[in-house]
Structure formats: C-alpha cells, structure tokens
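Please build the complete structure, drawing on both the sequences and the hints.
Chains A and B are the protein sequences, given in the same order.
The first sequence begins at 21 in this note's numbering and counts up by one.
The second sequence begins at 17 in this note's numbering and counts up by one.
Keep in mind that the hints are not guaranteed to be accurate.
Mimicking DSSO-like on lysine-lysine, the simulated pairs with C-alpha atoms at most 30 angstroms apart in a straight line are [what the hints assert, rightly or not]:
id : chain 1 : residue 1 : chain 2 : residue 2
1  : A       : K28       : B       : K79
2  : B       : K84       : A       : K28
3  : A       : K136      : B       : K27
4  : A       : K103      : B       : K79
Because the hints were derived from the structure by calculation, they are not lab data.
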Amino acid sequence: MPAPHGGKLVRRIDSSKSIEGMDRVEVSRDMAHDIENIANGVFSPLEGFMCSEDFESVLHHMRLANDVPWTIPIVFDFEDGFKEGDEVALVAENGMEAIFSIEEIYTYNKKEYAEKVFKTTDVAHPGVKKVMEMKEKLAGGKITLIKEGNEEFNKYYLKPYETRILFKEKGWRDIVAFQTRNVPHIGHEYVQKTALTFVDGIFINPIVGKKKKGDFKDEVILKAYDALIKHYYLKDRAVLAILKTEMRYAGPREAIFHAIVRKNFGCTHFIVGRDHAGVGNYYGPYEAHDIFNEFPDLGITPIFFRSFFYCKKCGGVVNEKICPHDKEHHIYYSGTKIREMLQRGETPPEIMMRREVAEIIMSYDNPFVE
Amino acid sequence: MSEEKKEEKGKYTTVSIPTPLAEKIKKRIEGTGFNSISSYVTYVLRELLASMEEEEQEEVFSKEDEEKIKERLRALGYLD
Chain A
21 MPAPHGGKLV RRIDSSKSIE GMDRVEVSRD MAHDIENIAN GVFSPLEGFM
71 CSEDFESVLH HMRLANDVPW TIPIVFDFED GFKEGDEVAL VAENGMEAIF
121 SIEEIYTYNK KEYAEKVFKT TDVAHPGVKK VMEMKEKLAG GKITLIKEGN
171 EEFNKYYLKP YETRILFKEK GWRDIVAFQT RNVPHIGHEY VQKTALTFVD
221 GIFINPIVGK KKKGDFKDEV ILKAYDALIK HYYLKDRAVL AILKTEMRYA
271 GPREAIFHAI VRKNFGCTHF IVGRDHAGVG NYYGPYEAHD IFNEFPDLGI
321 TPIFFRSFFY CKKCGGVVNE KICPHDKEHH IYYSGTKIRE MLQRGETPPE
371 IMMRREVAEI IMSYDNPFVE
Chain B
17 MSEEKKEEKG KYTTVSIPTP LAEKIKKRIE GTGFNSISSY VTYVLRELLA
67 SMEEEEQEEV FSKEDEEKIK ERLRALGYLD
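What follows is the structure in structure tokens.
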C-alpha cells in the first residue's frame, strides 16, 4: 500500500474542543466538505487552508512549497473581519464545526488563479466563474475538526484510515481507483473490469458535491452503482464509497489532484479516462494523460484508457487498440446520448447500459441536477 | 518557463555535477520533452526520492483504534 501523500496521513480531529465564545463564520457545504477532507487526511499532507507560499507554488509549479506534487489550490476566501493570529469557528448548516487558526492573510490575482488552474479566464467555465466570484482576500492556517457534518450518504463515507484498514482486511495489495461523476454505462464497466483484471480490487469513488446543471444527482449515481456491483461484480473485488468534494472541472490539473486523493485512500493505481474532469472544449481529450509525465514522484500509478465502444463486427465491447473494423460498425458510449434517451423516457439498449442500472435511473421523476 | 521566470516565482539553487555527466545528459535529452539539464536532473531526483519514500514504513494503528474502525466497517457492510 502506498504511503500517504507527503509521507503522513493527516488527522486533525479533536472532539474535546469547543467553539463556545468564538467568532463564528458560516461556510458553504462544499467548504465544509473540504474542511472534513483536510481533517480526515483525504487531502494529506495539507493540515489546513493554504498560506501564500503554498498557494503561489501550486499555481506556478503544481507543487507545494516543499516540492510535494499538488495541483489545486485549497483556500479560504473572505472579505474582512479577521486578522492573523485569530482563531475562528467555522460552522456549516450540516452541523460541521471546526476551528481555523489563521496564520496568514494575503491577497491574490483572480485572473492568474484562473489562467493557471483552468487554462482559461473565460467565465463560461464553471471553475473560472467560481474563482471570479470569490472574495478578495485569502486566509491560510491549520484547521481542527470538532464535529463532522451530518449528511445523507454517510453510510458510503469512508475516510483514508478506514479504507486502508479495509483494503488490508480484504487482503488487497494492488488497488485501482475509479473516479466518477456519472451513472455507469457499459463503457465504464469495461474500463473498470479491464483494470480490475490486473489488480486485487477496485475502489469506485464517485464525487458527491456541487455539480453542474444536467449532471446526474448524487443519489441516482450511488443507487445505479449499487445495482451494477450487486449484479455484475464479485462482492470481494469492489468497494463503493463517496468522495465529498466539488468538481472543479480543472481537467489535467484535477486529474493529478484526484489521483493524489486516491493515493491517500490507499490505492496503488488510478484510472484516467478521456477528458478527465473536463468541461466543454477547454482541454484536449488526452491532456489529462500527458500531465502525469511531469510527476515522477506522484506515488500512484495512472492507468490510461481510451474510450471503449461496441463493435457490431467483433460482437463485443472493444477499443481502438484491439478492434480492426471501420467506424461504421461501432456504437459509441456517449454520455450525452444516453442522457437524452433517459430524458425522453427511453430505456437505453443493453449494449449501452445494464438493464438494472437503467431501471434505477428511470425510477426517478428527474434524475438530473437542476 | 524561462530561467528568469523561475527565479521570480520559485526557489531554485545550483548543484554542481561533473562536466562529462552534464554533456551526457545534454545529449540524452535531445529531442525529448526536457528543455534543460536542470529539468532532467530534477525529474530523475524526484523519481529516485519518491521510490525511496515508498519503501518506508506505513502508519500503524493501535489495536484499539483498528478494532473500532473494523467495527464501523462491519456495521456499514464493508466487512463481514
């Protein structure tokens, strides 16, 4: 099992502390998730929100100031009211409580942030839009989680110190992680099973958190995967658990970030598909593969996949490396096409989606984020 | 990234290596994605250090902590 990223699994939880009498700041659900991710070691080696040295280093070098690979800024933005040395209580609607020890307050350039992380300053990009809407100052410093938020899907919520023990108990040494924000179609299943053939187990880890309009709802994704695993996977070879964080849609940089997070869960391999964490046409289809060449010290092995498709001549699911036939014989697993069929109330054919999965999705009046 | 830009945005230092080795590296990186001897040496050293860190001991939980975690995993249906 790989050592946690940066060498140590962070655990910054102290339920004996109290926020009574402290200034309180209400944070969003996504921010609350990231606070829990820091405290529970999902974002190891981060112990809090980034100070300026790490922030600048991540923007310009895709590494923390101590040279450890890290590609996405994890920052706390605010308007006014704090000073360096303050301890403030961070609270969320879901009941999460944490203490934020502010070490540094600094300003930043939003345009530069967007350009470096998202490779664009176009506000039509959801990540850029969010950065442009952020407040003007950033505060860095350690956080201590006092109380976890109480949310739905908690039965699917595992922390890195739990998955590491789980994998050990299952006797898994080589574990491949699959990141998703979609319901599974046959193409996904083939990618997962092809990778699984060479390792001991698969960790299917859907992202739960803010998504864009038209994405599948979290509950639908989880139920669809439950159905797929129940009917088509060996019980002892697949684990389904959620990752509570928002999609940043930062394409290649986010692929590295996703791999680091899965390394912290104890995974040895990470599946990177076509246009990983992409949106629109902001990134090349395989940019998220190429970026891994810049990180010989990542500590988790990427497994790159090109798209699978159904070939009528081969009579099965194949990819461009193994199928010699022309495109006219191919049926592609287009997420958009499947979504459109489902929206029209049509059941996708079984060569595209398992019947059990389609039934789950179609049991919802509206399975999509509005 | 130009050397000047690197100086501006990050912290760099100079390491001396034998000239013949530098020449060998210069030849080796021709036509590759490496644009300088420094970037190649950085890459190789990062790779080497990471492989050494991987061999280091992983965190060990106390028996009590481990048992609590296993109990939760059983309760959630992840372990029999």
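Evaluation of the provided hints:
A C-alpha spacing of about 19 angstroms is found between A/K28 and B/K79, which places the hinted pair at or below 30 angstroms, so the restraint holds. A threshold of 30 angstroms between alpha carbons decides the hint, and for B/K84 with A/K28 the separation of about 21 angstroms falls inside it, so the pair holds. This hinted pair checks out: A/K136 and B/K27 have alpha carbons roughly 19 angstroms apart, not beyond 30 angstroms. About 42 angstroms separates the Cα atoms of A/K103 and B/K79, which puts this hinted pair outside 30 angstroms; it is violated.
Of the hints listed earlier, the one the structure fails to meet is number 4.
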